[in-house]
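Chemist: Turn these sequences into a full structure, and let the hints guide you.
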Amino acid sequence: MLSAILAFTALAAAFGLILGFAAVRFKVEGDPLVDKIDALLPQTQCGQCTYPGCRPYAEAIAKGEADINQCPPGGEAGIIALADLLGRDPKPLNARHGAVKPKMVAVIDEPLCIGCTLCIQACPVDAILGAAKQMHTVIEQECTGCELCVAPCPVDCIRMAPVQQDIRSWKWQAPLEAAGSHA
Amino acid sequence: MQTSSSPHLHSAAPVSSVMLRVIYALIPGVIATIWFFGWGVAVNVMLAAIVALASEAVMLAARGRPIKPFLLDGSALVTAFLLALSLPPLAPWWITLIGTAFAIVVAKQLYGGLGCNPFNPAMAGYVVLLISFPREMTQWLAPETVSGHALSFAQAAQVIFSGAAPPGLTLDAVSAATPLDTLKTHLHLGETVEAARRASPVFGSLGGLGWEWINGLFLAGGLWMMYKKVITWHIPVALLGGLLVMSTAFHLFNGDAYVSPAFHLFSGAAMLGAFFIATDPVSACTTPRGKLYYGAGIGILTYIIRAWGGYPDGIAFAVLLMNMAAPLIDHYTQPRVFGHKK
Amino acid sequence: MNAKLWRFPGGLHLSGHKTESTRLPTQRARLPKRLTLPLHQHIGAEAKPVVAVGERVLKGQVIARAEGYVSAPVHASSSGTVIAAGDFPVPHPSGLSAPCIVIETDGAEQWCERHPTPDYTAQDPSHLRNLIREAGIVGLGGAGFPSFIKLNPLGKTVDTLILNAAECEPYITCDDMLMRERAAEIIHGIRIMRHALHAAHCIIGIEDNKPEAYAALVRALRELRIDGIQVIQVPTRYPAGGEKQLIHVLTGREVPSNGLPVHIGIVCHNVATAAAVHRAVQLGEPLISRYVTITGPGVPEPRNLEVLLGTPMAELLQQCGADPSSIGHLVMGGPMMGFSVHTSSAPVVKTTNCLLAAEHAPAVQAAMPCIRCGACAEACPANLLPQQLYWHAHAKEFDKAQNYNLFDCIECGCCAAVCPSHIPLVQYYRYAKGEIWTREREKQKADVARARHEFRLARLAQEKAEREARHAQKKAELAGKNAPRETAPH
Ligand code: SF4
Ligand code: SF4
Ligand code: SF4
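Chains as they are written, first to last, in the working numbering: chain A, 83 to 265; chain B, 54 to 395; chain C, -16 to 473.
Please note that a few of the clues may not be correct.
Claimed, not checked - Beyond 12 Å from chain B on every Cβ pair, some chain C residues (computed):
#1 Pro108
#2 Ala167
#3 Pro194
#4 Leu204
#5 Glu268
#6 Pro283
#7 Glu284
#8 Glu418
#9 Val431
#10 Ala434
#11 Arg442
To be verified - Label pairs and their in silico Cβ distance ranges:
#12 A:Leu168 to C:Gly311: 46 to 54 Å
#13 B:Gln55 to C:Phe438: 49 to 57 Å
#14 B:Arg116 to A:Pro236: 51 to 59 Å
#15 A:Gln223 to C:Gly311: 35 to 43 Å
Source of the hints: derived by calculation from the structure; they are not laboratory data. Even glycine gets a Cβ: it sits at the ideal position worked out from N, Cα and C.
Modeler: If you want it as structure tokens, here you go:
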């Protein structure tokens, strides 16, 4: 009996050592937390989190002032990534901040545009081109879909359109879970 | 037009037929066990099967999972067989009931059901019984050739369900410790292996009387499973190899205190464990190299427990311990992926 | 020929189903009324149309030119009139439509001017590559990578050119029939490729279930009196025709993960590509047709057809005795790696090697949980642990799946074929890969957005600072006028 106990203790010790070694060996050296959080945020800069942009939200999370479930564009994946980083439990998106939507881009109805430049001033990523009194246009590539330009437009010529799916952006969906598989 | 994701070709036998083959492979060994230890074994197996299916169904219903596909997958039946074959032939009915229910409800379903249990359910159930009811669990039967008494099916059932011996018979007359147990007791008293083997009638020429046949037939069933590709060679070979190496080494070192390797291989649950229990894929290692370490680990631990531990046989504990180590072993034994550095 | 062969891990012995479609000789498919030519039939950038609706085009005329380096032009496969340009159904797993040019054929099959180069030996390799590029040739084995790129040694020494004639997937026989019927064309094409690459050795690797094709190649080599090209039979085991697998079997070398065969001195092309190269260089004919196997349980008369690119799949089914409306499941490619097309009106494209038709999709058994039996790992030719990949893909832990080398998976389908739990493993891997790529793209986009946002903030701050500075200056100037001299700045 004694030798068995000894054997198991030795075994446990060995595994403990391996685990401990692994913990030290694979430790991640970190850059400041705010950067890491900011890196996980989608950079839509929409302010739906109630902060004036992604980085201020990252700072608030780091300070413990904001929760991790306030970013609708980041979606479930974003929350899980934040939870992972911070060692917390993921939680559902806080509905107060909005709902997950498909990716959108702003489209300016150019004939209607009066060239007031209000949208340019609103756009957080300078994705709108145009000058005073000239019609404006959105650089689709750069638009983050934040919707901040929609409200300021005095003639309501900006609408949000879903990003078109084509063969290149198409991707395989997860298989439908059959009744028999895991929950 | 219907669409599907490739491959559009499937050649695999479903899980249920895999499990069915495991049960086929068990049958010769089961018959041998009944032959030597009486109808009680059959009663146990049937009882365990019923309890296993019933608790599986109840748990699936409680968890809101579909019942039919999971009842028909056969995994609960395999668990029931393995547990029942490890129990004393005349174990009281509630022993079988508790063990099987624990195996299915706690060790399997509460962990998420088929495919999710970290421990071998049958062995988890067995160990719970062994720890909670050591007296009932170590009261084995003498082979019928030794006791000279053969209980009929009805008599065996009567003993199991009422606990009372049939008229004209005391339970003491038919019961005896297992050979591994007997050997351990004698060695504890300072006797040599030879003396112990002469002193008790439960020993045979290789292992325990009858046990040699049982193990031999489980071995045959296991080889058939290998041939049918139900299991791979890795775990059984490594397990028996580990047991063999340990027992040979100590036997050569001191033949009086350490019994021969043949005895180890053909006693207790050696073959059942090597081919049927340790190979339960869900709780075992899954990488080829990992399977070798895993099997060898069970073999070595079994020997350690048999030789120096507090329990006569060690398969169950060894399996559970290695179950715990399996994910770690898997992690460190990933095969070299094609095209990666050697 | 006896040569030392190596063995790749895993793999499956599948029943070939090849005799069905090799009983009849290859026939030309009927000229369809309309040809629908997608602009994107290859890996790389979409070709750019150079013809307008209403324009008359000749057979072999360029109708869309290559756009950028990794791209391939598209040619009219017959003469006729361009009647439409726009989105039409194309063979793609998404079932989405994509830009195509539609030609109404006139039945004249009138060729444009061809510029054959019969004596390629006098040509500079880069000129040959250009001819091949202009001919729109892409890998015809199924991948569709522009071939001229793979004929450029990129400054590395290519010691071995391997011709992939393994055709390891069940049902497909187009390469088999091409070798039987046009071995000489293939050999000529190989010599051109070899010339372009300066490859010292050249091996044709063919699975040993194609004795007729093997014999035809050997006979052609003898008749043409060409040596230096070895034809080696490799054991039939799926996926021996995978590029990495075939290279390993023939040479024992492993293409590094994330690397290309050329990194280990090897270039691998499909035999049908070789034949196309011959036609392009020595006959001046661009890639406008190919061999396609029409087979499967829904096809009464399975056979190979030589098909003009752009021909609707439905017409081919008809020619093989099937009623397209009764076909409920149509796969382009083989049963292991092919994908379901959503409509038989989709056209044959450069990478269409086989059409596998059935009345119904094979019955899908409900997936059970993984029991970790390891059957998949045993079958995996990449030596992966498919059960772990699945576990993490299923749990959406994509980075962990990546740690288990998800991207070394070649999507051969061996794992899913042997899984007793009938888990659609490959679909999980495709899903996981797609998600990882999307995240990668989104991350890049986010990085750009962050940079642009920070730039904007900096710009605003600067503007503000400048404004304030101007303000301050003005104030100071005002103050300076009123204040006593000694305290005035400077
Ligand atoms: S264009 Fe409009 S929606 Fe797009 S990023 Fe600028 S403000 Fe946001
Ligand atoms: S074959 Fe299927 S059940 Fe077996 S380990 Fe692989 S994924 Fe799991
Ligand atoms: S599909 Fe991928 S994981 Fe599955 S067997 Fe093929 S290479 Fe391996």
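Chemist: Taking the hints in turn, state whether each one holds.
Modeler: For each hint, the structure was consulted:
no.: 1; hint: Pro108; result: 28 Å, holds
no.: 2; hint: Ala167; result: 34 Å, holds
no.: 3; hint: Pro194; result: 24 Å, holds
no.: 4; hint: Leu204; result: 32 Å, holds
no.: 5; hint: Glu268; result: 33 Å, holds
no.: 6; hint: Pro283; result: 19 Å, holds
no.: 7; hint: Glu284; result: 21 Å, holds
no.: 8; hint: Glu418; result: 16 Å, holds
no.: 9; hint: Val431; result: 33 Å, holds
no.: 10; hint: Ala434; result: 35 Å, holds
no.: 11; hint: Arg442; result: 47 Å, holds
no.: 12; hint: A:Leu168 to C:Gly311: 46 to 54 Å; result: 50 Å, holds
no.: 13; hint: B:Gln55 to C:Phe438: 49 to 57 Å; result: 51 Å, holds
no.: 14; hint: B:Arg116 to A:Pro236: 51 to 59 Å; result: 58 Å, holds
no.: 15; hint: A:Gln223 to C:Gly311: 35 to 43 Å; result: 41 Å, holds
Of the numbered hints listed earlier, not one is contradicted by the structure.
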